[in-house]
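Line by line, the protein sequences are chains C and U.
Residue numbers for the first sequence follow our numbering, beginning at -10 and rising by one.
Residue numbers for the second sequence follow our numbering, beginning at -10 and rising by one.
These are computed hints drawn from the structure, not numbers from a lab.
Mixed in with the good hints there might be a few duds.
No copy labels: a pair is met if it fits in one copy or bridges any two.
[As the list claims (entries may be wrong)] Derived BS3-like pairs (lysine-lysine); straight-line CA-CA distance at most 27 Å: (1) 31 with 109; (2) 109 with 94; (3) 31 with 94.
Computed from a predicted structure; not experimentally measured.
There are 2 protein chains.
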Amino acid sequence: MAAHRTLGKPGLDASVPAMANLTEPAPDHAGPEDPVLASYRKSIDNIDAALIHMLAERFRITQAVGEYKATASLPPADPNREARQIARLRSLAVEANLDPEFSEKFIRFVIDEVIRHHEKARNGG
Amino acid sequence: MAAHRTLGKPGLDASVPAMANLTEPAPDHAGPEDPVLASYRKSIDNIDAALIHMLAERFRITQAVGEYKATASLPPADPNREARQIARLRSLAVEANLDPEFSEKFIRFVIDEVIRHHEKARNGG
Chain C
-10 MAAHRTLGKP GLDASVPAMA NLTEPAPDHA GPEDPVLASY RKSIDNIDAA
40 LIHMLAERFR ITQAVGEYKA TASLPPADPN REARQIARLR SLAVEANLDP
90 EFSEKFIRFV IDEVIRHHEK ARNGG
Chain U
-10 MAAHRTLGKP GLDASVPAMA NLTEPAPDHA GPEDPVLASY RKSIDNIDAA
40 LIHMLAERFR ITQAVGEYKA TASLPPADPN REARQIARLR SLAVEANLDP
90 EFSEKFIRFV IDEVIRHHEK ARNGG
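If we strip away everything but chain C, and leave its shape as in the complex, we get (with noise of 0.2 Å):
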């Protein structure tokens, strides 16, 4: 593994990082590895990671609510509740620095998921 790497001239590789080394085994791009780049890319792939887990614990959760909903006969969708929860969102975002409309574009997008989820739920599965 990454045999190419320490042959030869181990010192012209002193700029990379050992552990971008060991954990990106291959370039994701044609030319040779950018260490610059693929640093980068190990944290953006940690963070993704994260997101990901974040989501699946997100829809246990309104897999859950969705049944309740269906047993308490309670509507799949809550307007009140998604505009609450989207000026929320939007705030938070504001104070991260991170784009508001952006912010509401994604928790509609997650809404929008859950929302058909609890109508398949009310529809038997």
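Could you slot chain U onto chain C? The hints should help.
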């Protein structure tokens, strides 16, 4: 603050967790607040705050990537990298019991936004 909740008959609120009372000042829907739903929603709100902050950090990094790519004359989009990201996140989604189709839609949604940012940076912001 919340004086109307502590006056009168506090014992009637025993079935509602204390935290839900303190942090959910008003019901989200027209009827009386449902304590089961309120508890689920508190978890969803916590996860959404985490998601927004994760996304804010991801865009901080991709902004740096965009500036670096513009300086180094690298193309804004990288289809090979994207294909690898999607395959990896679909696999993580399956492990976490999240619909892999949704995980792919999600990451494409985020990547599309990043590419828009990169093109903007390339055109001088």
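With identical chains, the pair residue 109 and residue 94 could be close in the same copy or across copies; at 27 Å between alpha carbons, which is it: within, between, both, or neither? both (23 Å within a copy, 19 Å between copies)
Between the shortest in-copy and the shortest cross-copy C-alpha distance, which are at most 27 Å for residue 31 and residue 109: within, between, both, or neither? between (37 Å within a copy, 24 Å between copies)
Within, between, both or neither, where residue 31 and residue 94 count as close if Cα-Cα is 27 Å or less: For residue 31 and residue 94, the Cα distance is within 27 Å both inside one copy (26 Å) and across copies (21 Å).
Hint compliance for this structure: every hint is met.
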